[in-house]
Amino acid sequence: MQKDTRNIVLEFEWLGPLRRGRIAIKPLTILIGPNGSGKSYSAMLLYAINKALKDHLADILGSMISLAIKIRSGELKDKNEYYRNLYESAKNSLEKRLKENMVAIFTDLGSSINIDSDKLTANLRIDDHISYGFILKRDGSIVVDRYIDFEYFMGEVKKRGIDSMIDIVIGTRSYESLLSSTKETTDTLGKVSAIMGFFLFIGPTYLKNIFAPLEIVYLPATRSGLLQAHRVITNALVSAAPRLPLAGGQKASITGVSADFINTILYSEILYELSKASGLAIDKGILEAVEFLEKRVLGGVIDIVEREDNIVELVYKDLRGNLAIPVVAAASGVAELAPLALYLKKYVISPGTMLIFEEPEAHLHPKMQREIARLIAMLVNSGVWVLITTHSDLILEEFNILMRLSRMSEEERKKLGYKEYEYLDTNSVSAYLYKYDNNEKGYVAKELSITEDEGIPQDELTEVAFEMGETHAKITRMAELGERSV
Numbered sequence: 006m007q008k009d010t011r012n013i014v015l016e017f018e019w020l021g022p023l024r025r026g027r028i029a030i031k032p033l034t035i036l037i038g039p040n041g042s043g044k045s046y047s048a049m050l051l052y053a054i055n056k057a058l059k060d061h062l063a064d065i066l067g068s069m070i071s072l073a074i075k076i077r078s079g080e081l082k083d084k085n086e087y088y089r090n091l092y093e094s095a096k097n098s099l100e101k102r103l104k105e106n107m108v109a110i111f112t113d114l115g116s117s118i119n120i121d122s123d124k125l126t127a128n129l130r131i132d133d134h135i136s137y138g139f140i141l142k143r144d145g146s147i148v149v150d151r152y153i154d155f156e157y158f159m160g161e162v163k164k165r166g167i168d169s170m171i172d173i174v175i176g177t178r179s180y181e182s183l184l185s186s187t188k189e190t191t192d193t194l195g196k197v198s199a200i201m202g203f204f205l206f207i208g209p210t211y212l213k214n215i216f217a218p219l220e221i222v223y224l225p226a227t228r229s230g231l232l233q234a235h236r237v238i239t240n241a242l243v244s245a246a247p248r249l250p251l252a253g254g255q256k257a258s259i260t261g262v263s264a265d266f267i268n269t270i271l272y273s274e275i276l277y278e279l280s281k282a283s284g285l286a287i288d289k290g291i292l293e294a295v296e297f298l299e300k301r302v303l304g305g306v307i308d309i310v311e312r313e314d315n316i317v318e319l320v321y322k323d324l325r326g327n328l329a330i331p332v333v334a335a336a337s338g339v340a341e342l343a344p345l346a347l348y349l350k351k352y353v354i355s356p357g358t359m360l361i362f363e364e365p366e367a368h369l370h371p372k373m374q375r376e377i378a379r380l381i382a383m384l385v386n387s388g389v390w391v392l393i394t395t396h397s398d399l400i401l402e403e404f405n406i407l408m409r410l411s412r413m414s415e416e417e418r419k420k421l422g423y424k425e426y427e428y429l430d431t432n433s434v435s436a437y438l439y440k441y442d443n444n445e446k447g448y449v450a451k452e453l454s455i456t457e458d459e460g461i462p463q464d465e466l467t468e469v470a471f472e473m474g475e476t477h478a479k480i481t482r483m484a485e486l487g488e489r490s491v
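Each position in the sequence shown, counted from 1, maps to that position plus 5 in our numbering.
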């Protein structure tokens, strides 16, 4: 498939334990570092910004209509004023949505700001013409200091034909003139239907193309535990259904990426049915990735079944027998990867989606860690963007093998036991080491140099192995000295 060539960069200062960082987001982005160094903070920041961008697109559609009413009533004098107000309204909406999503993702805004600073600054750049930056102060206020350029915005509005639809809405071409035209009624109704279709269906797609938010799915490190919470919540919802109108709309206490994860699991079947109804087919590369995951890694199939008591359950079906058990009762490695299998099968993840995958190695045998690295390469080559946090030298080493395989022919790769999609282009991979900097008095995200021959440096992870080797050597020497003294 055609490669996504967007140039995406996330920059930040004073984020949680981090002093600063500049992350070039590539089809595969790898964050390495000790616990508590800020890897998840970076991932959650990227997630929060993009959720805010998506939310503010709906606000823009609403503003298109409300501002059209103002121009019709004379509060706005012309089309230029309409677009200027629409642009400012969109920018203000992003401030509001950023605050909402930063609160939702980080729970406590103060925890997202480094203790040595009174503010967090962040900026997301997409190619050369799109930049979203904001300043979050400790008092909870947010100011958007970088936004999509107005001239670029207007150019896209005209290029995509949005201005033609807006002309009708604001009255340059009125509904009245359409309805009183000499054309047939069916033609008129067709035009009105087209306008309604624009605001309901086409408009969101056009705006998405202009503002370019990423579609992000987040698999948190706590996913296996959250599956148990999903089961409890599902049972509670079904049990409480007759009482819901009387319950006063109690809210769940789970927040942030955990809440989004559970919601995605809950509604994945609905998304799947809607996708099927629209004629959407799963990408060939993703189908191969699903088969690889279930046969080579899980040894079974993940599916959703509805029990007799109407409770929906995530189930693992062993390929070697007739065993079918709830995922929460399966092996821990199965529980860790079941959500990924579900997301791939139910259209939650598709080409163009970004998957944030925390600690993909969790609870996996070393051999399976190699396999999950191969699976990630298959997803990347299917057009899925993947960002991982990891402590696994095995996964990194398999990535290095996959990068070397990119210089070999498909036939040569097959001889080594690798499939068509199992390789990594070095230029499609970025890696960052999160390390404490004594001079800056905080963690800094430092880019690692990736070469075709050596791949991703693993000094930070192998250092522990060297230390253990030195300890073994000391024990051996001490034991030998002890024997001599007897």
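Source of the hints: derived by calculation from the structure; they are not laboratory data. Worth double-checking, as some hints may not be accurate.
Calculated pairs, SDA-like style, for lysine to any residue (alpha carbon to alpha carbon, straight line, at most 20 Å) [to be verified]: (1) LYS281 with HIS368; (2) LYS440 with SER454; (3) LYS451 with SER433; (4) LYS300 with HIS396; (5) LYS451 with LYS84; (6) LYS372 with LYS440; (7) LYS84 with GLU100; (8) LYS104 with ILE70; (9) LYS142 with THR126; (10) LYS213 with GLY422; (11) LYS59 with ARG25; (12) LYS96 with ASN40; (13) LYS479 with GLN463; (14) LYS424 with LYS440; (15) LYS451 with SER78; (16) LYS59 with ILE13; (17) LYS142 with SER98; (18) LYS419 with ILE406; (19) LYS372 with PHE297; (20) LYS300 with VAL162; (21) LYS142 with PHE155; (22) LYS322 with LYS281; (23) LYS424 with ILE309; (24) LYS101 with SER136; (25) LYS59 with ILE147; (26) LYS101 with LEU91; (27) LYS104 with ASN40; (28) LYS440 with GLU468; (29) LYS104 with LYS75; (30) LYS372 with SER355; (31) LYS96 with ARG27; (32) LYS59 with SER122; (33) LYS300 with ARG412; (34) LYS59 with ILE70; (35) LYS96 with SER122; (36) LYS75 with LYS59; (37) LYS300 with VAL320; (38) LYS451 with SER98; (39) LYS300 with LYS281; (40) LYS289 with TYR272.
Here's how the hints hold up against the structure:
1. In summary, the hint linking LYS281 to HIS368 is not supported, as the alpha carbons are separated by about 33 Å, beyond the 20 Å threshold.
2. Between the alpha carbons of LYS440 and SER454 the distance comes to roughly 15 Å, so the proposed pair stays at or under 20 Å and holds.
3. The suggested pairing of LYS451 with SER433 holds, with an alpha-carbon distance near 18 Å, which does not exceed 20 Å.
4. A C-alpha spacing of about 25 Å is found between LYS300 and HIS396, which places the hinted pair above 20 Å, so the restraint is violated.
5. A distance of roughly 47 Å separates the Cα atoms of LYS451 and LYS84; the hinted pair therefore is violated under the 20 Å criterion.
6. The suggested pairing of LYS372 with LYS440 is violated, with an alpha-carbon distance near 28 Å, which exceeds 20 Å.
7. Note on LYS84 and GLU100: the hinted pairing is violated, with a Cα-Cα distance of about 25 Å set against a maximum of 20 Å.
8. In summary, the hint linking LYS104 to ILE70 is not supported, as the alpha carbons are separated by about 24 Å, beyond the 20 Å threshold.
9. At roughly 9 Å between alpha-carbon atoms, LYS142 and THR126 fall within 20 Å of each other, so this suggested pair holds.
10. Proximity of LYS213 to GLY422 is assessed by CA-CA distance (about 40 Å); at most 20 Å being required, the pair is judged violated.
11. Taken as a hint, the LYS59 and ARG25 pair is broken in the structure, with Cα atoms around 26 Å apart against an allowance of 20 Å.
12. At roughly 36 Å between alpha-carbon atoms, LYS96 and ASN40 are farther apart than 20 Å, so this suggested pair is violated.
13. At most 20 Å may separate the alpha-carbon atoms for a hinted pair to count; LYS479 and GLN463 exceed this at roughly 24 Å.
14. The hinted pair formed by LYS424 and LYS440 fails the criterion: a straight-line CA distance of about 36 Å is larger than 20 Å.
15. A distance of roughly 55 Å separates the Cα atoms of LYS451 and SER78; the hinted pair therefore is violated under the 20 Å criterion.
16. Using a Cα cut-off of 20 Å, the hinted pair LYS59 and ILE13 holds, with the two alpha carbons roughly 17 Å apart.
17. Restraint check for LYS142 and SER98: satisfied, since their Cα atoms lie roughly 18 Å apart, inside the 20 Å limit.
18. With a CA separation close to 14 Å, the supplied pair LYS419 and ILE406 stays within the 20 Å bound.
19. Proposed proximity of LYS372 and PHE297 is supported: the alpha carbons are some 14 Å apart, at most 20 Å.
20. Restraint check for LYS300 and VAL162: the C-alpha separation of about 47 Å exceeds 20 Å, so the hint is violated.
21. For the hint linking LYS142 to PHE155, the alpha-carbon distance of about 26 Å lies beyond 20 Å, and the restraint is violated.
22. For the hint linking LYS322 to LYS281, the alpha-carbon distance of about 23 Å lies beyond 20 Å, and the restraint is violated.
23. A threshold of 20 Å between alpha carbons decides the hint, and for LYS424 with ILE309 the separation of about 29 Å lies outside it, so the pair is violated.
24. Taken as a hint, the LYS101 and SER136 pair is honoured in the structure, with Cα atoms around 17 Å apart against an allowance of 20 Å.
25. Restraint check: the Cα-Cα separation between LYS59 and ILE147 comes to about 18 Å, which is no more than 20 Å; the hinted pair holds.
26. With a C-alpha separation of about 15 Å, the suggested pair LYS101 and LEU91 falls inside the 20 Å cut-off, and the hint holds.
27. Distance restraint check for LYS104 and ASN40: the Cα-Cα separation of roughly 27 Å exceeds the 20 Å cut-off, and the hinted pair is therefore not satisfied.
28. About 14 Å separates the Cα atoms of LYS440 and GLU468, which keeps this hinted pair within 20 Å; it holds.
29. The suggested pairing of LYS104 with LYS75 is violated, with an alpha-carbon distance near 28 Å, which exceeds 20 Å.
30. Distance hint between LYS372 and SER355 is unfulfilled; the C-alpha atoms sit about 27 Å from each other, more than 20 Å.
31. At roughly 24 Å between alpha-carbon atoms, LYS96 and ARG27 are farther apart than 20 Å, so this suggested pair is violated.
32. Restraint check: the Cα-Cα separation between LYS59 and SER122 comes to about 29 Å, which exceeds 20 Å; the hinted pair is violated.
33. The suggested pairing of LYS300 with ARG412 is violated, with an alpha-carbon distance near 27 Å, which exceeds 20 Å.
34. Between the alpha carbons of LYS59 and ILE70 the distance comes to roughly 18 Å, so the proposed pair stays at or under 20 Å and holds.
35. As the CA atoms of LYS96 and SER122 are separated by approximately 26 Å, the hinted pair breaks the 20 Å bound.
36. Annotation: proposed proximity of LYS75 to LYS59 is violated, straight-line Cα distance about 25 Å (limit 20 Å).
37. Between the alpha carbons of LYS300 and VAL320 the distance comes to roughly 16 Å, so the proposed pair stays at or under 20 Å and holds.
38. For the hint linking LYS451 to SER98, the alpha-carbon distance of about 33 Å lies beyond 20 Å, and the restraint is violated.
39. Proposed proximity of LYS300 and LYS281 is contradicted: the alpha carbons are some 24 Å apart, above 20 Å.
40. At most 20 Å may separate the alpha-carbon atoms for a hinted pair to count; LYS289 and TYR272 exceed this at roughly 24 Å.
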